[in-house]
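There are 2 protein chains.
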Amino acid sequence: MPKVFFTPGPAQLYPTFEPHVLTAVREQIGSISHRSKQFKAIYQHADEQLRLLLHIPATHAILFTGSATEIWERALQNGSGRESFHLVNGSFSKRFYEFASELGRTAHKVEAPFGSGFNLDDIILPEGVELVCLTHNETSSGVSTTVADIHQLKRRYPDKLFVVDMVSSAPYPDFDFSLVDSAFFSVQKGFGLPAGLGVWIVNERFLHKAESLKAQGTYIGTHHSLPTLWKNYKSFETPATPNVLGIYLLGRVAQDMNQKGITEIRRETENRAERIYKLLEDHPVLKPAVTNPKHRSHTVLVASTTDSAPAIIEGLKAKNIVIGSGYGTYKETQIRIANFPANTEEQVGSLLTALQKSS
Amino acid sequence: MPKVFFTPGPAQLYPTFEPHVLTAVREQIGSISHRSKQFKAIYQHADEQLRLLLHIPATHAILFTGSATEIWERALQNGSGRESFHLVNGSFSKRFYEFASELGRTAHKVEAPFGSGFNLDDIILPEGVELVCLTHNETSSGVSTTVADIHQLKRRYPDKLFVVDMVSSAPYPDFDFSLVDSAFFSVQKGFGLPAGLGVWIVNERFLHKAESLKAQGTYIGTHHSLPTLWKNYKSFETPATPNVLGIYLLGRVAQDMNQKGITEIRRETENRAERIYKLLEDHPVLKPAVTNPKHRSHTVLVASTTDSAPAIIEGLKAKNIVIGSGYGTYKETQIRIANFPANTEEQVGSLLTALQKSS
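Just so you know, the sequences run in chain order A and B.
Heads up, the first sequence is in numbering that gives the first Met the number 0, so the first residue is 0 and it goes up one at a time.
Heads up, the second sequence is in numbering that gives the first Met the number 0, so the first residue is 0 and it goes up one at a time.
To be clear, the hints were calculated from the coordinates, so they are not data collected in a lab.
Errors might be hidden in some of the hints.
What the hints assert, rightly or not - Here are the simulated BS3-like cross-link-like pairs (lysine-lysine), alpha carbons at most 30 Å apart as the crow flies:
1. Lys-316(A) to Lys-233(B)
2. Lys-159(A) to Lys-93(A)
3. Lys-36(B) to Lys-318(A)
4. Lys-316(B) to Lys-36(A)
5. Lys-213(B) to Lys-213(A)
6. Lys-230(A) to Lys-277(B)
7. Lys-318(A) to Lys-330(A)
8. Lys-230(B) to Lys-93(A)
9. Lys-316(B) to Lys-108(A)
10. Lys-277(A) to Lys-233(A)
11. Lys-330(A) to Lys-2(A)
12. Lys-316(B) to Lys-286(B)
13. Lys-39(B) to Lys-316(A)
14. Lys-213(A) to Lys-93(B)
15. Lys-330(B) to Lys-2(B)
16. Lys-233(A) to Lys-330(B)
17. Lys-356(B) to Lys-293(B)
18. Lys-213(B) to Lys-39(B)
19. Lys-39(A) to Lys-213(A)
20. Lys-159(A) to Lys-213(A)
21. Lys-36(A) to Lys-259(A)
22. Lys-318(B) to Lys-39(A)
23. Lys-159(A) to Lys-330(A)
24. Lys-318(A) to Lys-330(B)
25. Lys-318(B) to Lys-36(A)
26. Lys-213(B) to Lys-36(A)
To be verified - Among chain A residues calculated to face chain B with C-beta under 8 Å, some are:
27. Pro-1
28. Ala-10
29. Ser-30
30. Ser-32
31. Glu-47
32. Gln-48
33. Glu-72
34. Gly-103
35. Gly-195
36. Leu-244
Cβ coordinates follow ideal geometry from the N, Cα and C atoms, glycine included.
Isolated chain A (complex conformation) (with noise of 0.2 Å):
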């Protein structure tokens, strides 16, 4: 019997991915030339979908890499040339960080305890920054920041670049592109799709930064700078042979999702984030690890436990259910439940059954 994920990447796969790779693996796309036209159309393809569903405008390109940790490094490069500011909460929030420190930027941060999010009007600027990195969705503790405040906090500061990492979000939140300048997230997760694929929505101002950074001698990166990728962009190629197979799923996915429309998956998003909070609330044993609604994710739901976390995630895995273990140190004592567009209605009712007999 299949098992149904509720992890939080890799994670479920979307419904008619296996349709999908069987049209693939038919067509033959794992044979195909990535200078072909029939690449192209399959770029451009996952490009219209992608902006289609998640309201993209021409300013912004969308390009591929290797990962979304692989876009942590290329937009620390081509964005911040000295300085970088970061909001710390979480295991992944700080790696971002800590590539700034890597890369020999000088990084600003803002830290906030595991499981707590930030007041981002509180937070003032240091002059220096040229890049605001943001992680809408910290994945290890399931705090979110609220699409709002980060339009709030780039209308306060207009001139420097913003990144935000959606990776487990994605496509959940309703940015507005005149506000973000570039955002980034994995395949894996709220797409529902095998890993390796990296996607970087990022405007002109940054490419402008990145080149004048260039100009300045400042490196950018070879085959994965911005200049690089953008100008492959323009006529629907990559610099390096792409995961062609991967693009391809996730222009499927995309339209299918688009078919469903995007406003349909936000409200499922929330409805189903609601009942797996209302469940946790109430439940004996189990409780949301966030204590600030606000801050709460409604992609990556994370519970403490006062009984063993490993305990029920065993109980469910004997169902077929699998979620996600709290996040390094906080492995025995949370359990993170994944809230992602591939699951079905039925299967989140599983869970719910699941979840409210643990105890």
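Put chain B on the given structure of chain A with help from the hints.
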């Protein structure tokens, strides 16, 4: 009717690709955590099968990146602080050389005209060179350097690190890895798999060089610096979520190749190359583009034509046989034929018959 690909990558998929991908779908490989025991077993299996296939000793790790192009960047970052050396005789070896300059290294080169190889006995390496970058098989021109010549150059310069691009020749060349510090390839060529995975074979000496560069303050990368990749490798993990499906398929296909036997694969590759070159030599309009038989590639065979190359390619396409076009400015006058293990004897027979009639 399915097409048969003799393109130099992406290429014909290995005959067992389809059953393996169906197994992967059934076993939900796309959903498993990259921190799970199941993933570690997949990595370990690929590692063991590649070691067996290519005779890779315990001194070398096997690491995964997004592409072989990325390995150009990572190898240069981690293997040279100041000076690298390159043999350049085509578009890919040239790009490898250019990466070194983009990374701020002093890049030395010896250049041969497109279609020519090197006499490695004549090569004198400048004293300051830390990393020697060789392209075993130049995919653009179909020129190879013999394995024996590469070994001999390393014997003359045992203290310098050698990295060999075997992108479009692996698994054919039989390297003695005690004389090759590092080698790399991507999976969409000789391994007959969909693109989106680079494979980096690299030894402890290379790791120590990277560590010493880092200690001196040289930037060697973030998640894909060699020390970070290596540290994760020790427990069969990766720093970022990798192309899990690609690694799974690579392990399976390497196992299938081991079942056939690498000796038989190499013998078959040589036999087929010989038959194709023989046909080209006797052909009314096609001729081997590489004049020196010693430098003719066994895996990417390039022919010059007095007729229109695009017309020949179209003629074969009408028979569902896809070959590669000449590279760059050679589009009108050359064709490229991949001779990779994925093609069956029957397919090679059809290619020979069709080529014979091309005039």
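Hint check results:
1. Lys-316(A) to Lys-233(B): Roughly 28 Å between the alpha carbons, so the hint for Lys-316(A) and Lys-233(B) holds.
2. Lys-159(A) to Lys-93(A): 21 Å, holds
3. Lys-36(B) to Lys-318(A): Holds, at roughly 20 Å.
4. Lys-316(B) to Lys-36(A): 15 Å, holds
5. Lys-213(B) to Lys-213(A): 23 Å, holds
6. Lys-230(A) to Lys-277(B): Cα-Cα ~42 Å, so violated.
7. Lys-318(A) to Lys-330(A): This hinted pair holds, its Cα atoms lying about 21 Å apart.
8. Lys-230(B) to Lys-93(A): Given that 30 Å is the threshold and the Cα spacing comes to 19 Å, the pair holds.
9. Lys-316(B) to Lys-108(A): 58 Å, violated
10. Lys-277(A) to Lys-233(A): Since the Cα atoms of Lys-277(A) and Lys-233(A) sit roughly 47 Å apart, the hinted pair is violated (cutoff 30 Å).
11. Lys-330(A) to Lys-2(A): 21 Å, holds
12. Lys-316(B) to Lys-286(B): 20 Å, holds
13. Lys-39(B) to Lys-316(A): Given pair Lys-39(B), Lys-316(A) holds - Cα atoms ~20 Å apart, limit 30 Å.
14. Lys-213(A) to Lys-93(B): 21 Å, holds
15. Lys-330(B) to Lys-2(B): 21 Å, holds
16. Lys-233(A) to Lys-330(B): Distance ~22 Å between Lys-233(A) and Lys-330(B) Cα, so the pair holds.
17. Lys-356(B) to Lys-293(B): 27 Å, holds
18. Lys-213(B) to Lys-39(B): Holds, because 28 Å separates the two Cα atoms, which is no more than 30 Å.
19. Lys-39(A) to Lys-213(A): Holds, because 28 Å separates the two Cα atoms, which is no more than 30 Å.
20. Lys-159(A) to Lys-213(A): Distance ~18 Å between Lys-159(A) and Lys-213(A) Cα, so the pair holds.
21. Lys-36(A) to Lys-259(A): 29 Å, holds
22. Lys-318(B) to Lys-39(A): 24 Å, holds
23. Lys-159(A) to Lys-330(A): Cα-Cα ~37 Å, so violated.
24. Lys-318(A) to Lys-330(B): Answer violated: Lys-318(A) to Lys-330(B) is near 58 Å, above 30 Å.
25. Lys-318(B) to Lys-36(A): 20 Å, holds
26. Lys-213(B) to Lys-36(A): With Cα atoms ~43 Å apart, Lys-213(B) and Lys-36(A) exceed 30 Å; violated.
27. Pro-1: Result: holds, 6 Å to nearest chain B Cβ.
28. Ala-10: 6 Å, holds
29. Ser-30: Interface hint status for Ser-30(A): holds (5 Å vs cutoff 8 Å).
30. Ser-32: 6 Å, holds
31. Glu-47: With a minimum Cβ separation of about 21 Å from chain B (threshold 8 Å), the hint on Glu-47(A) is violated.
32. Gln-48: Hint violated; Gln-48(A) Cβ to chain B Cβ min 19 Å, cut 8 Å.
33. Glu-72: 5 Å, holds
34. Gly-103: 6 Å, holds
35. Gly-195: 3 Å, holds
36. Leu-244: Given a least distance of 4 Å, the restraint on Leu-244(A) holds.
Checked against the numbered hints above, the structure violates hints 6, 9, 10, 23, 24, 26, 31, 32; every other hint is satisfied.
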